[in-house]
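K.L.:
Spelled out from the first residue to the last, the chains are:
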Amino acid sequence: MTVLLTDFQWRIAPTGDRCLIVEFGQRADTAVNRIVHAFARQLDDLSIKGIVDVAPAFTTVSIHYRPECFGYEALRERMNDLLAQGIPQHPGLERHVEIPVCYGGACGPDLDEVATACGCTSAQVMERHIASPHRVAMLGFVPGFPYIAGLDPSLSVPRRATPRTRVPTGTVAIAGSQTGIYPFETPGGWNLIGRTPLPMFDLGRASPCLLQPGDLPRFVSITLEEYLGAQGTT
Amino acid sequence: MSIEVLKPGALTTLQDLGRYGYQRFGVVVGGAMDEWSHQVANELVGNIDDEATLEITLVGPSLRFAQAALIAIAGADLSANVGGHPIPLGRAVTIGAGTQLDFGSRVHGVRAYLAVSGGFGVTPVMDSRSTYVRGGFGGFAGRALRRGDVLPIGSRARTVPHSPKRPTAQPVTLVGGPAVAAGPTHLAGEAVSLRVIAGAQWELFTPETLATFLTSPYQINPQSDRMGYRLEGPALQRRRDFEMISEGVAFGTVQVPPDGKPIVLMADRQTTGGYPKIACVASVDLPLMAQLAPRQAVRFRTIELQEAQALYQTRARELTELRKLVLDTGVGSWAVEST
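Chains as they are written, first to last, in the working numbering: chain A, 1 to 234; chain B, 1 to 339.
Since the hints were made in silico from the structure, they are not lab data.
Glycine is no exception: its CB is placed at the ideal position from the N, C-alpha and C atoms.
Please note that a few of the clues may not be correct.
Stated by the list, open to error - One-sided and incomplete, this derived list gives chain B residues near chain A with beta-carbon spacing under 7 angstroms: (1) Q23; (2) A200; (3) A316.
Said to hold, decoys possible - Chain B is nowhere near these chain A residues, computed Cβ spacing over 12 angstroms in every case: (4) A31; (5) P91; (6) E94; (7) T116; (8) A117; (9) G119; (10) L216; (11) R218; (12) E226.
Work out the full structure: start from the sequences and follow the hints.
P.N.:
Below is the structure:
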């Protein structure tokens, strides 16, 4: 028998004329995030014609749709009816995944700046980052980019005022209460603290994304030599 | 059936309407920047599904057709020609076997879309033939075209009344079928008016900032690309500091980083963003925006969501009409309803 999640509130708002967002609260905590992924799963199972993509995030599910099939008001009503009945619960699969990281230096050019902003040493930033209880809350931004919640609150720094136009592949970065890992060279606004040689996204794998929502990553410090050596083998 | 790439052009990639269904993995949607011209080109050659077209940017390629093919080019005027004879935009033409198609100087717009009847024979990746260059997958070998590439042509098209019935010796034959007027263009130097729908964080900005956003011209920064258009103009001030929880974004979302310079998210946009969204460009105006060159100025004005969706539905009906025209009569003249 399916257990229904019913203890939640939601709000629906448009994002342009082809997307609406269902928000399950303003707190990016694990309980809310589990509801988010359960609802996304429910929408997948229903496969409603006219909905072209369902993208779960921390506290929200973005629903991309074709306005030829239904307008915003009609879809919002339908989602309200659905949510009022409760969301079928899905047991999460939480895996432990080790992520080697070369912190600081050329691999993490913002490490010292983060330390200054947080009033601690660069070594302390590293230690606290490693010790934080990380959990993957969502994938987004670019293929395989994990948004990892659980960062030590003492390391909370905002995004950079002007995003960089190029952040190298494998860069481990922090912003607010999150850690992210750039799977490709892309622009990026987060604070760069290190780099991992592990490919985050590989179409050659059965499951191209290294990390999935719910996974529990454990960061391990490696030297620059170890980083360069490992990078040569991947 | 194939096309050989003699010169690749500045940035020529295969694009369809995008890779929807995988944003949960952070997989970028991508697809044609100018969805309208892409679809028009496909309809003109009778393609059944959303086939990939060649998105040709600024400087076009030189292509040699091994066999005769029915093609159509829509969008930017990049002086497509065969031996100096111009190929009209928005019309189906037959290119003869062994013929070389060239492009010349840019007349208007930025991106031309070349559809070939039957589509391009590349394997879809995650249900799409769009090229995602940054990720290195989709389209032709996951990258922009290079000299020496040979593009296979598929066979997934309807037989339209003007399909070539026998191999033609002519380099170019203007065949029957509707002619589609170019989409809305603009006069060089003039600020282009773009309609926007208020964004989720509209209220976060001061009333003065909102007035500035809706009255000041913003210039497209040269660092703009398929991912986003960075705009230069008066900085947009928030009422208060606001660290957002990252959430989904859409084609046309106008987000504002802390430096106050808005960025319009385009085809290769990230799947989620953490910057406040002041607005979203109406889908019907995105094809126009996609044709704007760096340093071009734009102005924004708001419309209601319902109106934006009604305009979008009208556009969709126009495409259906075009399909009927192509199939029923094979001839005629057809133009986008002016909006």
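K.L.:
State for each hint whether it applies.
P.N.:
Structure-based check of each hint:
1. Annotation: interface hint on Q23/B holds; nearest CB of chain A at approximately 4 angstroms, less than 7 angstroms.
2. At about 5 angstroms, the closest approach between the beta carbon of A200/B and any beta carbon in chain A falls short of 7 angstroms, and the interface hint on this residue holds.
3. Given the 7 angstroms rule on beta carbons, the hint for A316/B holds: about 5 angstroms separates it from the nearest Cβ of chain A.
4. A31/A, annotated as away from the interface, keeps every beta carbon of chain B farther than 12 angstroms; the closest lies near 14 angstroms.
5. Distance check for P91/A against chain B: the nearest CB is about 18 angstroms away, which clears 12 angstroms, and the non-interface claim stands.
6. Look at E94/A: its CB is around 17 angstroms from the nearest CB on chain B, clear of 12 angstroms, so calling it non-interface holds up.
7. The Cβ of T116/A sits about 18 angstroms from the closest Cβ of chain B, beyond the 12 angstroms cut-off, so the non-interface label holds.
8. Taking the minimum C-beta to C-beta distance to chain B, about 14 angstroms, the non-interface status of A117/A holds against the 12 angstroms cut.
9. Even its closest Cβ contact with chain B, about 19 angstroms, leaves G119/A beyond 12 angstroms, as expected for a residue assigned away from the interface.
10. A cut-off of 12 angstroms between C-beta atoms confirms that L216/A is not in contact with chain B; the least separation is 19 angstroms.
11. The non-interface label for R218/A is consistent with chain B: the shortest C-beta to C-beta separation is roughly 21 angstroms, beyond 12 angstroms.
12. Interface exclusion of E226/A from chain B stands, the closest Cβ pair being 26 angstroms apart, more than 12 angstroms.
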